[in-house]
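*Asks:* Below, each chain spelled out in residue letters.
Number of protein chains: 2
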Amino acid sequence: MEMLLIELNKDSETPLYEQIYQQIRNDITEGKLVVGEKLPSKRKLGEFLDVSQTTIEIAYGQLAAEGFITSKPRKGYFVQEVGELAYVQPTEEFKFTAKEVRKELEIDFSPGKIDTESFPFAQWRKYAKDTIDESSSHLLLLGHPHGDVELRQEIAKYLYHSRGVDCSADQIIVGSGTEQLMPLLIRILGPRAKYAIEDPGYPLTHHVFFHNNREAVPIAVDMEGMDVQALQQSEATVAYVTPSHQFPTGTVLSAARRTALLNWAATHASNFIIEDDYDSEFRYTGRPIPSLQGMDKAGNVIYVSTFSKSLMPSLRIAYMVLPPVLLKHYEEAFIHYSSTVPRLDQHTLARFMADGHFARHLNRMRKVYKRKLQLLTDSLQQYAPKITFSGDEAGMHILINVRTDENEDSLTKAALTQGIRVYGLNEYSKVSKSSQPSFLIGFGGLADDRITWAVERLMKAWNIEKR
Amino acid sequence: MEMLLIELNKDSETPLYEQIYQQIRNDITEGKLVVGEKLPSKRKLGEFLDVSQTTIEIAYGQLAAEGFITSKPRKGYFVQEVGELAYVQPTEEFKFTAKEVRKELEIDFSPGKIDTESFPFAQWRKYAKDTIDESSSHLLLLGHPHGDVELRQEIAKYLYHSRGVDCSADQIIVGSGTEQLMPLLIRILGPRAKYAIEDPGYPLTHHVFFHNNREAVPIAVDMEGMDVQALQQSEATVAYVTPSHQFPTGTVLSAARRTALLNWAATHASNFIIEDDYDSEFRYTGRPIPSLQGMDKAGNVIYVSTFSKSLMPSLRIAYMVLPPVLLKHYEEAFIHYSSTVPRLDQHTLARFMADGHFARHLNRMRKVYKRKLQLLTDSLQQYAPKITFSGDEAGMHILINVRTDENEDSLTKAALTQGIRVYGLNEYSKVSKSSQPSFLIGFGGLADDRITWAVERLMKAWNIEKR
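Chains as they are written, first to last, in my numbering: chain A, 1 to 467; chain B, 1 to 467.
Take these hints with a grain of salt, some might be off.
Identical copies carry no separate label here, and so any pair may be met within one copy or between two of them.
Stated by the list, open to error - Within a straight-line C-alpha distance of at most 35 Å, the following computed DSBU-like cross-link-like pairs (lysine-lysine) qualify: (1) Lys367 <-> Lys42; (2) Lys460 <-> Lys386; (3) Lys433 <-> Lys328; (4) Lys372 <-> Lys433; (5) Lys367 <-> Lys194; (6) Lys129 <-> Lys460; (7) Lys113 <-> Lys157.
If you're looking for bench data, these hints aren't it; they were derived computationally from the structure.
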């Protein structure tokens, strides 16, 4: 045969193997290469095109996998009959590319970012590697719909020791995120449940009420957390709260409010508290506060948390602890459901936890975030009293208040023009909009040596000078 | 200090490190070990208890991680002040264990099982290992809500070449399973959509309509697939179909019905077809049939598929291809949602596909399943005409009809008493219950050398003899 006419563009973003693959495929579908024709050997074509044999191997492999060519042992590669394939000739040039590219800003004070530099990659890789093994071939099949028991037991142990949550593994439902678990919870709480949400509060979970056609009453949050008196006067039957580190204000629910909230829940069998403990692992000052679930005597608290902050947001593993009265409903309602969490990941995590690596990682990260927080507050303090902050006892973000004549919108825009993203508090409020500009300042994703610089940049954008 | 009194039960199911951990923890919380007391070295305690130093290390590590003891470099382990911790003393003995143990039967003809022996563990492990790397630390953060573009591009390529699906990566939404994607789809199809479902059909997806308060009209399935005339006469606006290998009958939607179905969809802008192509990768006879999506000119087909059959059910990666008209609605409705699929898994899969391993794996598995199917039908043929079968052109299950005076229920029970699980067709039917007993016979999860034996066992349980 004649040498194939293949033109390679080594500056193109399309990988070389893809270019080779595409051109041979076109030659076949257009009939330039006829059935039975022998292709040049990998070595020959590689030399001719001045690319590695591996590149040719990938291109040929792809063509063979898709049935354009076949490989005959010790003979070579031959063009196959394409008519046999469900091959649909494109009417227009094929469009693989996705359009969106998310603009990365120079400084992002997002409260959702974590420190990615300190993640124990070597250990996680080891546990993942050990889990993906022939001896675990049963893990390819579906596991328990609530999550595999090995993981649920580790979560139960962890919750018990670190958060005072009193539950058995049976009560735990593992899911792909709080947003994935909430609709299931909403369904078993029934159509007559009315929800109280914190205002300001967490938009991701609040949207779920709306999407599931449930009424959600915003209840104001003050320096002690949710206003339980307002809750009592409302018609709500289920209160969704973030007691350890209120999102977004950073407030810790006071002891008096905790008692009041638990008493409110205990007054009616249909009253429940959803305790979202999303970043409770990171607490820097004062005595750790046990979970509401651990204080609950009436069995009316649903505890919800996630590994998003403690390990990585992209892991997509969260869980809820159901009180026994709801567990039965759950089992009945979702008998046909499979767990949405990949089973190999569940076991990687379970083994990582069982060997103590999770606890060690948390201890390490607590120090990492405490250091970042210190750098952040040290920098901000230089701009007092124009800048004050709160919510610094726990978590990965604080709240700053800005004393200025400008409003939140104009400050957000001013920051953005300098490549800085900040998150105005009013974005998280439904009713209780504040006139004084306040912003969430997430520090989890900022490198230590950038924090002071980032604060200075932001203050410059806002024309606020050191005192 | 005195030697700790630790009693180990080497026959217990509780691991040794857990026993050691528990007993030391109890001694600390009960005050038997006082604050500041030094624990024996790992070597000493290991020798004394006759266990490995690693076992002691894990126990001490757990105690240290939870703050019961601290390690001072080159000095040893010391009991810590427990009052500092959010440690809640249990009122009753703690219950870690989950109760349920799923009974495994000797023979399970489940249609949901795959061959786990042929999975390319070594390759998958390599790609997972390469993905979990410091250089990919950005993958710890949340990615694109529709799934990362690298994976969506690979899916688009694959669908185009193997199924004739014509789409760009933009149109693809990656999710944790068809059941997870369907509620999202139902929401954007609006409250006025009425669904037509196949009868008999797939209970997992059908339940989703019920759970989302949507009307679902059962439409009978015959030897050509869904009865499109009945569909036309119904009030349904959205038809949910499995055209490549109808679940559970195994029927392939005939060419005439395909055209009729597409024409039905094209008559109204609010008519849609949901094409669930769940096991189309495995087709054994005849020409591959391209997807409805590829034949669709009106843009009314939503293509849905999964990696559950082609890779593993527990991977929890599925996807849907939205026509442009729905894509906009989707983006507006779910702006706050994160993808539920772990990002490291997305990239492991994307790279595995990009390097041609997925296509190669499918080719290999097609042969594996074809061989299993052959063994199954060869065995069953010996029991003709009492046993007949259909639906053997594709997929991982066939349908058998049993000529007998007994009904499905009694045959199911007869099999069960012999440790054999079979799946009666009427379990999947809402309206069109059949009087002749029919069963789904899944063969994906059965080892080659067990298939003939399993069929013989089943026939013996049913008192059906070879002709």
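*Asks:* So which of those numbered hints doesn't the model satisfy?
*Replies:* Violated hints: 5, 6; rest satisfied.
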